[in-house]
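Top to bottom, those sequences are chains E and G. Read the first sequence against this note's numbering and you will find it ends at 274, with the numbers running on by one and no gaps. Read the second sequence against this note's numbering and you will find it ends at 338, with the numbers running on by one and no gaps.
If you're looking for bench data, these hints aren't it; they were derived computationally from the structure. One should not assume that every hint holds.
To be verified - Listing some non-contacts, in silico: residues in chain E with all C-beta distances to chain G over 12 Å:
id, residue
1, Ser47
2, Glu51
3, Arg72
4, Glu113
5, Ala121
6, Ala136
7, Ser193
8, Ser195
9, Pro217
10, Arg247
11, Ala274
As the list claims (entries may be wrong) - Sample of chain G residues at the chain E side, in silico, Cβ under 10 Å:
id, residue
12, Ile217
13, Thr225
14, Leu229
All C-beta atoms, glycine included, are put in the ideal place defined by N, C-alpha and C.
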Amino acid sequence: MKGQAAALRRLVAVQGSWNYERMLGVGMGFSAAPLLNELRDRDPDRYHAAKVRSALFFNCHPYLAGLALGALARAEHDGAPPEQIVRLRAALCSPLGALGDQLFWAGLLPAALGAALAAIAFGASWFAVAAFLVLFNGVRLYVARWTLATGLASGMKVGAAISASQLKRLVAVAGPCAGLATGLAAPLVGEWLLGPFGPRAVLGTILLAMAGIAASRLAGPRYSAPRFTLIAMGGAVLLRWMLA
Amino acid sequence: MSSPAVTVVLLLVWGTLVALDLVSVPQMMIARPLVAGSVAGWIAGDFESGFRLAVVMELFALDVLPVGAARYPDYGPATVGAAVLVARHGSWEESLGLAVALALIVASLGGWTLGRLRHRIGRAVQDAAAGLDAGDDAVIRRLQLGSIALDASRGLLLTTVALALAWMTERWVVLDAGTAVLLTVVAVGCGIAALVGGALRSAGRGARLRWLVAGAAVGLLVVWLT
Numbered sequence: 031m032k033g034q035a036a037a038l039r040r041l042v043a044v045q046g047s048w049n050y051e052r053m054l055g056v057g058m059g060f061s062a063a064p065l066l067n068e069l070r071d072r073d074p075d076r077y078h079a080a081k082v083r084s085a086l087f088f089n090c091h092p093y094l095a096g097l098a099l100g101a102l103a104r105a106e107h108d109g110a111p112p113e114q115i116v117r118l119r120a121a122l123c124s125p126l127g128a129l130g131d132q133l134f135w136a137g138l139l140p141a142a143l144g145a146a147l148a149a150i151a152f153g154a155s156w157f158a159v160a161a162f163l164v165l166f167n168g169v170r171l172y173v174a175r176w177t178l179a180t181g182l183a184s185g186m187k188v189g190a191a192i193s194a195s196q197l198k199r200l201v202a203v204a205g206p207c208a209g210l211a212t213g214l215a216a217p218l219v220g221e222w223l224l225g226p227f228g229p230r231a232v233l234g235t236i237l238l239a240m241a242g243i244a245a246s247r248l249a250g251p252r253y254s255a256p257r258f259t260l261i262a263m264g265g266a267v268l269l270r271w272m273l274a
Numbered sequence: 113m114s115s116p117a118v119t120v121v122l123l124l125v126w127g128t129l130v131a132l133d134l135v136s137v138p139q140m141m142i143a144r145p146l147v148a149g150s151v152a153g154w155i156a157g158d159f160e161s162g163f164r165l166a167v168v169m170e171l172f173a174l175d176v177l178p179v180g181a182a183r184y185p186d187y188g189p190a191t192v193g194a195a196v197l198v199a200r201h202g203s204w205e206e207s208l209g210l211a212v213a214l215a216l217i218v219a220s221l222g223g224w225t226l227g228r229l230r231h232r233i234g235r236a237v238q239d240a241a242a243g244l245d246a247g248d249d250a251v252i253r254r255l256q257l258g259s260i261a262l263d264a265s266r267g268l269l270l271t272t273v274a275l276a277l278a279w280m281t282e283r284w285v286v287l288d289a290g291t292a293v294l295l296t297v298v299a300v301g302c303g304i305a306a307l308v309g310g311a312l313r314s315a316g317r318g319a320r321l322r323w324l325v326a327g328a329a330v331g332l333l334v335v336w337l338t
């Protein structure tokens with residue numbers, strides 16, 4: 031199918047017009063355009079109907095959007111019944127959202143950042159930042175190519191292709207890696223940052239951190255780290271002023 | 113590294129790119145405070161101070177899980193402004209706390225602007241419904257590129273606000289050294305609380321929690337041994 035490289039480039043901005051009306055819909059329509067161009071000469075009616083469907087409501091994790099984009103474009107080229115294409119589009123939202131969130135936002139990203147922070151505490155400096163960017167974007171680009179190719183190859187059978195892939199296994203590994211890396215980073219970074227301030231600052235920080243963690247557990251969704259921090263800073267300034 | 117005007121322009125460009133990266137394009141993680149703050153510190157002439165600030169802000173950002181339609185602070189441009197404040201001060205120990213406070217306020221403002229942007233794009237989509245229902249390629253393209261341009265404007269504005277607040281803070285907020293250091297210690301403590309709190313929420317009660325505890329135990333052991 032022609033237009034794959036252009037579709038891949040456009041997928042990088044698939045969230046460019048994210049909104050509460052169609053969410054990723056317009057971005058998907060923009061990314062689908064190069065893949066649907068071949069239909070224009072072959073079947074103009076189908077082409078116009080496919081263009082309309084391509085920009086309907088859609089939402090999923092942006093890094094896995096290629097699976098849906100490729101599968102839906104393939105289904106349009108194969109002449110699948112329109113109602114089945116719309117149903118497939120709706121059916122892909124939740125699994126691709128949940129898988130991507132667990133794999134990237136709750137897995138690879140905190141794992142890579144936790145590792146980078148731990149490396150910084152050991153003196154890696156800018157090298158850790160560069161390594162994080164290269165590692166994360168290397169995986170992301172590989173996944174982008176794989177998702178589009180897999181979607182285009184499987185069409186209406188994309189669900190089976192997702193089940194047969196390594197995605198679920200990677201999710202199972204990414205979570206523990208993220209836990210390990212962030213757990214490792216917390217004391218190391220704390221020591222790296224507080225080194226110049228002495229043991230009293232370390233003790234104060236530990237107490238404050240425990241208070242913050244307790245507040246986040248007790249307040250639940252109402253807890254906000256920025257709000258807690260600004261209140262703690264205000265309290266610290268007030269306390270110092272009163273003791274002066 | 114260059115004249116003040118060039119530095120300001122570079123910071124504005126960098127802040128705008130960082131804001132775009134959060135959601136719109138290309139999501140290559142330059143919006144992470146660790147990256148945004150390090151580069152901003154380097155542009156402002158003191159990489160090391162900007163880097164320290166970037167690490168602390170990253171602790172706060174790791175508390176956020178940017179899933180679905182969730183609203184969250186926009187830490188990128190905020191970190192750019194705060195990194196400049198630290199870099200220009202000369203002593204990160206005495207300026208980091210104040211800079212973190214500035215960044216948290218601007219980041220919350222950034223989160224609000226992101227919500228407004230989404231509503232505005234939603235209204236544009238409603239207005240273009242006829243074109244979208246007709247499968248008009250030009251309408252889809254205009255919506256997509258127009259939305260990215262709007263987000264770039266949002267990023268530029270937010271970075272300008274962050275830099276202006278950093279400049280005003282540097283000029284008008286005077287703290288004694290003890291209070292300034294106390295704020296830095298509070299900022300680090302709250303950052304670690306945000307990191308651990310976020311990690312505990314993500315971990316739940318399963319295997320991930322055990323790995324989190326194991327990681328923390330190894331980290332504490334290394335700190336104790338070194």
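Verification of the hints:
no. : hint   : result
1   : Ser47  : violated (4 Å)
2   : Glu51  : violated (4 Å)
3   : Arg72  : holds (16 Å)
4   : Glu113 : holds (17 Å)
5   : Ala121 : holds (17 Å)
6   : Ala136 : violated (5 Å)
7   : Ser193 : holds (22 Å)
8   : Ser195 : holds (21 Å)
9   : Pro217 : violated (4 Å)
10  : Arg247 : violated (7 Å)
11  : Ala274 : violated (9 Å)
12  : Ile217 : holds (7 Å)
13  : Thr225 : violated (14 Å)
14  : Leu229 : holds (9 Å)
This entry does not satisfy hints 1, 2, 6, 9, 10, 11 and 13, going by the numbered hints stated previously.
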